[in-house]
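Student: Quick mapping for you: the protein sequence lines, in order, are chains A and B. According to my numbering, the stretch in the first sequence is residues 4 to 95, in order. According to my numbering, the stretch in the second sequence is residues 4 to 95, in order.
If you are wondering where the hints come from, they were derived from the structure by calculation, not from laboratory data. Just so it is clear, the structure is predicted and the values come from calculations on it, not from any experiment. It cannot be assumed that every hint is accurate.
[Stated by the list, open to error] With a straight-line cut-off of 27 Å between C-alpha atoms, the simulated BS3-like cross-links for lysine-lysine are:
{"hint": "1", "chain 1": "B", "residue 1": "Lys65", "chain 2": "A", "residue 2": "Lys13"}
{"hint": "2", "chain 1": "A", "residue 1": "Lys27", "chain 2": "A", "residue 2": "Lys81"}
{"hint": "3", "chain 1": "A", "residue 1": "Lys58", "chain 2": "A", "residue 2": "Lys86"}
{"hint": "4", "chain 1": "B", "residue 1": "Lys81", "chain 2": "B", "residue 2": "Lys59"}
{"hint": "5", "chain 1": "A", "residue 1": "Lys86", "chain 2": "B", "residue 2": "Lys13"}
{"hint": "6", "chain 1": "B", "residue 1": "Lys59", "chain 2": "A", "residue 2": "Lys27"}
{"hint": "7", "chain 1": "B", "residue 1": "Lys72", "chain 2": "A", "residue 2": "Lys31"}
{"hint": "8", "chain 1": "A", "residue 1": "Lys27", "chain 2": "B", "residue 2": "Lys30"}
{"hint": "9", "chain 1": "B", "residue 1": "Lys27", "chain 2": "A", "residue 2": "Lys86"}
{"hint": "10", "chain 1": "B", "residue 1": "Lys59", "chain 2": "A", "residue 2": "Lys30"}
{"hint": "11", "chain 1": "B", "residue 1": "Lys31", "chain 2": "A", "residue 2": "Lys30"}
{"hint": "12", "chain 1": "A", "residue 1": "Lys13", "chain 2": "B", "residue 2": "Lys31"}
{"hint": "13", "chain 1": "B", "residue 1": "Lys27", "chain 2": "A", "residue 2": "Lys31"}
{"hint": "14", "chain 1": "B", "residue 1": "Lys72", "chain 2": "B", "residue 2": "Lys13"}
{"hint": "15", "chain 1": "A", "residue 1": "Lys72", "chain 2": "B", "residue 2": "Lys59"}
Residue-level listing of the chains:
Protein chains: 2
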Amino acid sequence: MYVILTYDIKLDETGPRVLRRVFKLCKKYLTHIQNSVFEGELSESQIMQLNSELKKYIRDDKDSVIIFKSRHERWLEKDFWGKCDNKLSNIF
Amino acid sequence: MYVILTYDIKLDETGPRVLRRVFKLCKKYLTHIQNSVFEGELSESQIMQLNSELKKYIRDDKDSVIIFKSRHERWLEKDFWGKCDNKLSNIF
Chain A
4 MYVILTYDIK
14 LDETGPRVLR
24 RVFKLCKKYL
34 THIQNSVFEG
44 ELSESQIMQL
54 NSELKKYIRD
64 DKDSVIIFKS
74 RHERWLEKDF
84 WGKCDNKLSN
94 IF
Chain B
4 MYVILTYDIK
14 LDETGPRVLR
24 RVFKLCKKYL
34 THIQNSVFEG
44 ELSESQIMQL
54 NSELKKYIRD
64 DKDSVIIFKS
74 RHERWLEKDF
84 WGKCDNKLSN
94 IF
C-alpha cells in the first residue's frame, strides 16, 4: 500500500522531544519528502505497527497525524512546485 | 481530481509574509486539514490556476509545495491518529 503521512506536533514545553521521536520513528518506516511529510510503501501490518509505536508519543489533545493510503502508487501523481529535495523518491 | 497539497515555507525575514499569502491562497481552493496540509476536489484547470498564483509567492530556492493528485477520491483512504479537527471533511 502506498502511504503519505503528515503530522502536526504542538510545540509546547514537551513538543520538541515529541517531534524528534515522531520524526525518527517515521523515518524508520517511510521516506521524508518535506518538513512534516513522509511517503512510502507499507503493508497493513506495518501501518498498524507504526500506529501503535506513534501512539506512545502522540498526545491526543495536542498532536495530529494524518495517513493517506492508496492501494497502488500509480493511482497517485505527485508534482513538486518550488524547491525539490533531490534525494527524494520520484514516483511520477 | 482529488488533491492533497502540502507546503514547506522557509521562515526567513520574508517567510511569514509568504506563509500568510500561500495559506490564504490554498484556502481559496482547498480545505485546510492540518498545519500545512490541504485537500479537496479540483479540476486540471483549477490546479494550473492555483499553480500560477502560487508561483508569485513561492521562492524556488527556499520554499516547496507538493501536490498529490488522485483521479478518484475513493482511491484514497484517510485515517486520523491523535487530534482530529472536527470541521474537516471526512472521506472514508
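Student: Each hint should be assessed against the structure and marked as holding or not.
Tutor: Status of the hints after comparison with the structure:
{"no.": "1", "hint": "Lys65/B <-> Lys13/A", "verdict": "holds (24 Å)"}
{"no.": "2", "hint": "Lys27/A <-> Lys81/A", "verdict": "holds (24 Å)"}
{"no.": "3", "hint": "Lys58/A <-> Lys86/A", "verdict": "violated (32 Å)"}
{"no.": "4", "hint": "Lys81/B <-> Lys59/B", "verdict": "violated (31 Å)"}
{"no.": "5", "hint": "Lys86/A <-> Lys13/B", "verdict": "holds (10 Å)"}
{"no.": "6", "hint": "Lys59/B <-> Lys27/A", "verdict": "violated (34 Å)"}
{"no.": "7", "hint": "Lys72/B <-> Lys31/A", "verdict": "holds (25 Å)"}
{"no.": "8", "hint": "Lys27/A <-> Lys30/B", "verdict": "violated (30 Å)"}
{"no.": "9", "hint": "Lys27/B <-> Lys86/A", "verdict": "holds (20 Å)"}
{"no.": "10", "hint": "Lys59/B <-> Lys30/A", "verdict": "violated (32 Å)"}
{"no.": "11", "hint": "Lys31/B <-> Lys30/A", "verdict": "violated (32 Å)"}
{"no.": "12", "hint": "Lys13/A <-> Lys31/B", "verdict": "holds (25 Å)"}
{"no.": "13", "hint": "Lys27/B <-> Lys31/A", "verdict": "violated (34 Å)"}
{"no.": "14", "hint": "Lys72/B <-> Lys13/B", "verdict": "holds (24 Å)"}
{"no.": "15", "hint": "Lys72/A <-> Lys59/B", "verdict": "violated (32 Å)"}
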